[in-house]
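Chains R and D, in that order, are what the protein sequence lines are. Counting with the working numbering, you get residues 478 to 587 for the letters of the first sequence. Counting with the working numbering, you get residues 2 to 122 for the letters of the second sequence.
Calculated from the structure, these hints are not laboratory results. C-beta atoms are modelled at their ideal positions from N, C-alpha and C, and glycine is treated no differently. Where hints are given, some of them may not hold.
The following label-pair restraints were derived from C-beta to C-beta distances [said to hold, decoys possible]:
no., chain 1, residue 1, chain 2, residue 2, range
1, D, G17, R, S490, 44 to 54 Å
2, R, E529, D, T60, 18 to 28 Å
3, R, A559, D, P64, 25 to 35 Å
4, R, S490, D, T76, 20 to 30 Å
5, R, E560, D, Q4, 49 to 59 Å
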Amino acid sequence: QSALTQPPSASGSPGQSVTISCTGASSDLHDYTSVSWYQQHPGKAPKLLIYEVTKRPSGVPDRFSGSKSGNTASLTVSGLQAEDEADYYCSSYADTNNVLFGGGTKLTVL
Amino acid sequence: QLQLQESGPGLVKPSGTLSLTCTVSGASINSGRHYWAWIRQPPGKGLEWIGNAYYTGTTYYNPSVKGRVTMSLHTSENQFSLRLSSVTAADTAVYYCASSENGDFSWFHYWGQGTLVTVSS
């Protein structure tokens, strides 16, 4: 199975909103709600931001939100802050008992 | 708070076997609440799921490494391990151990800090 497809880069100015897309196939994103998003700063381990498409773990600001339509999931970062500059990865359960990651999106805060 | 720590050699020779251990604290390997995972990231590239292990001993592997990979649980030490055989330079990566919560299979709440493994002669 192929990795999920993300744009390689995204950018926005402080205070703005940015949306990152993640596209998959019918055997993963379309059929399941097991979509998650991770934030990774340079040299650090990934941090879970969103799971089950829209849920946030405790401690994750509500500026981060997730959604899904068909075979495309999206992560929206509202009220951009300098510390949001990082790499973002989507992930999904896929048939059968497999986990796919997107290629990652580098978010730049201008 | 669940914490994970990877350990193992940082250099492996081509055609050799990569072996890593993840030490778990703050939770029991025997808990059915978690899947225990290995995920890797080649330098400058994205994340790749390697596999999951459950407390029953059941394992699930990425088809891309199936046949070369073995994950095991070591309950007395509260550790789990990864063995990847016949390694090549393409297996050079930062290897993370991770765990899910609430029996979730595919999202990982907890991560180790990662350990770089280089495949080189």
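Distance restraint hint 25 to 35 Å, applied to the beta-carbon atoms of R/A559 and D/P64
Once the Cβ atoms are compared, 40 Å apart, the range 25 to 35 Å for D/P64 and R/A559 is violated.
Could you say whether the range 44 to 54 Å given as a hint is met by the Cβ separation of D/G17 and R/S490?
holds, 49 Å
Holds or violated: the 18 to 28 Å window for the beta-carbon distance between R/E529 and D/T60?
Between R/E529 and D/T60, where Cβ atoms are some 24 Å apart, the hint holds.
Holds or violated: the 20 to 30 Å window for the beta-carbon distance between R/S490 and D/T76?
violated, 51 Å
CB-CB spacing for D/Q4 and R/E560 relative to the 49 to 59 Å hint
violated, 23 Å
The structure fails to meet hints 3, 4, 5 from the earlier list, while all remaining hints are met.
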